[in-house]
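Using the hints, position chain B against chain A.
There are 2 protein chains.
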Amino acid sequence: MVSSSDPLALLPPGDGTLGHVAIGDITLVTGVVLPGVTLAVQRWGRVAEDRSNVVLVEHALTGDSHVVGPVDSLHPTPGWWNGLVGPGLPLDTDRYCVLSVNVLGGCRGSTGPSSLHPDGHYWGARFPAVSVRDMVESERVLADLLGIERWAAVIGGSMGGARTLEWMVSHPDRVRAACVLAVGARASADQIGIQTAQIMAVTSDPHWQQGGYHGTGRTPVTGLGIARRIAHLSYRGEVELDERFANRPQPGEDPRGEDLSMSGRFAVQSYLDHQAGKLVSRFDACTYVLLTDALNRHDVGLDRGGVEEALRSCPVPCVIGGVTTDRLYPLRQQEELAALLPGADPLVVIDSPAGHDGFLTEADVVGPMLERTLELAEQGTSEKTRGHA
Amino acid sequence: MVSSSDPLALLPPGDGTLGHVAIGDITLVTGVVLPGVTLAVQRWGRVAEDRSNVVLVEHALTGDSHVVGPVDSLHPTPGWWNGLVGPGLPLDTDRYCVLSVNVLGGCRGSTGPSSLHPDGHYWGARFPAVSVRDMVESERVLADLLGIERWAAVIGGSMGGARTLEWMVSHPDRVRAACVLAVGARASADQIGIQTAQIMAVTSDPHWQQGGYHGTGRTPVTGLGIARRIAHLSYRGEVELDERFANRPQPGEDPRGEDLSMSGRFAVQSYLDHQAGKLVSRFDACTYVLLTDALNRHDVGLDRGGVEEALRSCPVPCVIGGVTTDRLYPLRQQEELAALLPGADPLVVIDSPAGHDGFLTEADVVGPMLERTLELAEQGTSEKTRGHA
Numbered sequence: 001m002v003s004s005s006d007p008l009a010l011l012p013p014g015d016g017t018l019g020h021v022a023i024g025d026i027t028l029v030t031g032v033v034l035p036g037v038t039l040a041v042q043r044w045g046r047v048a049e050d051r052s053n054v055v056l057v058e059h060a061l062t063g064d065s066h067v068v069g070p071v072d073s074l075h076p077t078p079g080w081w082n083g084l085v086g087p088g089l090p091l092d093t094d095r096y097c098v099l100s101v102n103v104l105g106g107c108r109g110s111t112g113p114s115s116l117h118p119d120g121h122y123w124g125a126r127f128p129a130v131s132v133r134d135m136v137e138s139e140r141v142l143a144d145l146l147g148i149e150r151w152a153a154v155i156g157g158s159m160g161g162a163r164t165l166e167w168m169v170s171h172p173d174r175v176r177a178a179c180v181l182a183v184g185a186r187a188s189a190d191q192i193g194i195q196t197a198q199i200m201a202v203t204s205d206p207h208w209q210q211g212g213y214h215g216t217g218r219t220p221v222t223g224l225g226i227a228r229r230i231a232h233l234s235y236r237g238e239v240e241l242d243e244r245f246a247n248r249p250q251p252g253e254d255p256r257g258e259d260l261s262m263s264g265r266f267a268v269q270s271y272l273d274h275q276a277g278k279l280v281s282r283f284d285a286c287t288y289v290l291l292t293d294a295l296n297r298h299d300v301g302l303d304r305g306g307v308e309e310a311l312r313s314c315p316v317p318c319v320i321g322g323v324t325t326d327r328l329y330p331l332r333q334q335e336e337l338a339a340l341l342p343g344a345d346p347l348v349v350i351d352s353p354a355g356h357d358g359f360l361t362e363a364d365v366v367g368p369m370l371e372r373t374l375e376l377a378e379q380g381t382s383e384k385t386r387g388h389a
Numbered sequence: 001m002v003s004s005s006d007p008l009a010l011l012p013p014g015d016g017t018l019g020h021v022a023i024g025d026i027t028l029v030t031g032v033v034l035p036g037v038t039l040a041v042q043r044w045g046r047v048a049e050d051r052s053n054v055v056l057v058e059h060a061l062t063g064d065s066h067v068v069g070p071v072d073s074l075h076p077t078p079g080w081w082n083g084l085v086g087p088g089l090p091l092d093t094d095r096y097c098v099l100s101v102n103v104l105g106g107c108r109g110s111t112g113p114s115s116l117h118p119d120g121h122y123w124g125a126r127f128p129a130v131s132v133r134d135m136v137e138s139e140r141v142l143a144d145l146l147g148i149e150r151w152a153a154v155i156g157g158s159m160g161g162a163r164t165l166e167w168m169v170s171h172p173d174r175v176r177a178a179c180v181l182a183v184g185a186r187a188s189a190d191q192i193g194i195q196t197a198q199i200m201a202v203t204s205d206p207h208w209q210q211g212g213y214h215g216t217g218r219t220p221v222t223g224l225g226i227a228r229r230i231a232h233l234s235y236r237g238e239v240e241l242d243e244r245f246a247n248r249p250q251p252g253e254d255p256r257g258e259d260l261s262m263s264g265r266f267a268v269q270s271y272l273d274h275q276a277g278k279l280v281s282r283f284d285a286c287t288y289v290l291l292t293d294a295l296n297r298h299d300v301g302l303d304r305g306g307v308e309e310a311l312r313s314c315p316v317p318c319v320i321g322g323v324t325t326d327r328l329y330p331l332r333q334q335e336e337l338a339a340l341l342p343g344a345d346p347l348v349v350i351d352s353p354a355g356h357d358g359f360l361t362e363a364d365v366v367g368p369m370l371e372r373t374l375e376l377a378e379q380g381t382s383e384k385t386r387g388h389a
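These protein sequence lines are chains A and B, in that order.
Residue numbers for the first sequence follow my numbering, beginning at 1 and rising by one.
Residue numbers for the second sequence follow my numbering, beginning at 1 and rising by one.
Extracted from the complex, chain A is given alone in its bound form (with noise of 0.2 Å):
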C-alpha cells in the first residue's frame, strides 16, 4: 500500500485524473534556471510495490497527457492513444501503471508560455527555450521525486520519439525497453525548414506582440492557423489527402469564380480550415513556437560525438517503427536508428496511407510494438534476475 508519506502520493489516482506535480527548479542546457516547475499528470493502474512497473508514454507537440479518455471540461481533445491502453489492451493496466506528463513547455497544465512568471505577468515569449534534452530532465527530476529507479519502458511517436530517445541515450541505465516511433535521431533540414517557416507565420501576426500578447484580449490566432495548415499537410498523406478530396470545391462554394476575394473554397481548404480552428480553439500560440524550436534543436547527437557515436552506445532494447508514407520523418530516418541502435529489434514498417500521423491511427500495428516493447522490458528483468542468481 501507498502511504500519505509516500512519495507516490504526488500521483493523481490511477484512472485517469489530471494531476499537477511541483518538481521544483529546473536547469535547462542553455544554463538558463527555469523556476519552479510544475508537470502535469496522468496515470492509468496501479504503481508495484518496487515501483518496476511504470511505463512513461510521451506525447507528440500539440499532444498532452491524456493518452485515453473521452472529451471533457479538463481534456479538450479524446486521448490519443484510446483503445492501446487499458485492461487487457497492449498496455495492459492491469500488470502496469501507464504514466503520461505534459511536456515541460507545455500548455495543458505544465509550466510553460502562458503559465505565470514569479513576477505574476504571464510568461510569454520571456520563457527560455528549452530542447528536447530539457523536457527529458525534467521528466527525470519527476522520477527521482516519486522514487521510480526505472521506466519498465519509455514510448512516444514523433516529439514523443524524440523524447523517449533522449531518455534512451541520455539514461540508458534507467530505461527498461522503449519504443520509438516516426522520430529522427535529429532535425532535419527539411524540418528546421518547415518548421521556421511555421514559426514565422505566427511571430509575423501582429497580434503577437513580441510574444506578450497573453492577457490582452488579442491572440495571434491567424498565424497560427497557417502554422498548423502547413504542419497537418505535413502530418497526412498526399495520396491520401488527393483522394479524399482531390480538387472539389467545398459544397455550395465557388473557390473558381471571378475575382480574387478567394471567398469560395476548394473541399480541401474548408477541411485546413476546420483543422486550424480546432488548434487555435485548444492550443497556445507561443507555446507552438516554443516547441516547434525545441524540436528544430533535437539532436541526440549534440555533445556525445554525433549521431552514430550516440546512438550506437546505446543498449537500450527497444522497437522502432516507421510509416512508409511519413513526408516528415521520413522512412529513411527510422531506419538509421534501427540500424544504430545495438538493442533495437528489426523496423517495423507501417505500411498505410495516413502519413505521419500513421503512428496514432494504425493501431492495429502499434499495439503488437506496444507488446513486444514490453515483452523485451520483461526479458531485461529476468536476464538481470538471471545474472544475479
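I should point out that these hints are in silico values taken from the structure, not numbers from a laboratory.
All C-beta atoms in this analysis are idealised placements derived from N, C-alpha and C, irrespective of residue type, glycine included.
Treat the hints with care, since some could be wrong.
Not the full set, but computed from the structure, chain B residues with beta-carbon under 10 Å of chain A [to be verified]:
#1 G215
#2 T216
#3 G225
#4 R244
#5 R248
#6 P251
Same frame as chain A, but now just chain B:
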C-alpha cells in the same frame, strides 16, 4: 523576308530582346473581360516563311520569358534553361524560332495586378482571377495575330507544363508536338492545401492592404517571404536538403541559444531567407497570389468530362517527364499523363535528388527530351505531307 506590314513585325528581334505585343481584350473563362492586354515576349531565331518552325516555351510560376541569357537591367534572373536553347543546342535556333511569353497576369511585362488599370491606378487585387485556360487563350490570340497557325511544339514544366497541357487539349490542331514536365492533369488536394496556405500568408500580412498596396510604399514582403520559404522547400528534395544543410548552425550564429528570439539561425534557415529575399525583390506579391490561385484552378478535365476523357481524346504526339523526388508534383501525376495521352511516348523518369526543380537543373535529361519532341514535330510534318500526297 518579313516586311514591316507583316504581323511578325510585332515581334522583337530574334536575339532575345524583350518586346511587348498588344493583343486587345481577353474574355476570361469566368466571363469577365480583361481590357487592353499586353503580353511580354522574347524570341530566339528566325521565323520560317511558312511560320511552321515556332516553338512556344512556357515558363513556370515565378519564371518569365527570359528562357536563356544573362542577368541584365531588364532581366533580374538568368535564363532558366540556359544551355538548352541556341544554335546547335537541343532547341536549335538555327532551325527553330523559340518564342516565350510572360504569362497573362504576370509581373514581367505582361498585363497583371502590378499593371495600371484603365482608371490610372494599379490593378492590385482588383485584377480578375485567371485560370491556366485563360493564359492559353491569351497566347492563342497572340498566335492568331502573328499568323502562326500551328506551333512546331509547345514545351513547359510546372505551371509551364500546365499551360502546355491546356494548349494540347484546347487546340490539338495547333500543336504539332509537346513536351510536358513535372506537372499533373489537375491540381491535387495537397497542392491546393499548401498553395492556399501560401496565399493566406501573403494576404494576412498587414501590408497587403486588401491587395491595394501598390504605390503605397508598403508591400507584403514578410508574407510573400513566408510563402516562398514554404514553396521553395516543396521545390527541392528532402534528402538533398539534408545532405546540404543537415541541422548545422549558420556559421557565426547560434540557433540553440537561451531565448526564443530566434536571432541565431540554422544554415537551412539562412538559405531559405536568401531565397525569400531574392523573390520579394523581384516578384510582385499580388501576382504571386493570382498565379498560385490559377494553379489551384488548373484542371484539364474541367467541362470536358473529366481528366481521363480530356486526355484520351488529345492526339498530340508528346513527351512527358517527371522527377523521382518531386514532392510538389509527384511522379504518379506524370505516370497518369503518359498513360492517358494516346500520343505520349513512354514516361521519361528523371532520376534526380533535386526534387521538382529537377526539370530546371537536369539539362542532361531534359535536352534529349526536347530533341525527341522536335523529332515528333518533324514526323508530324512528314506524315502530314505523306497524307497530302
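The hints, checked one at a time:
1. G215: Hint violated; B:G215 Cβ to chain A Cβ min 18 Å, cut 10 Å.
2. T216: Violated. Min distance 17 Å.
3. G225: holds (8 Å)
4. R244: At about 7 Å, which falls below the 10 Å cut-off, the nearest Cβ of chain A leaves the hint on B:R244 intact, so it holds.
5. R248: holds (9 Å)
6. P251: Since chain A brings no Cβ nearer than about 15 Å to B:P251, farther than 10 Å, the hint is violated.
Consistency with the previously given hints fails for numbers 1, 2, 6, ordered from lowest to highest.
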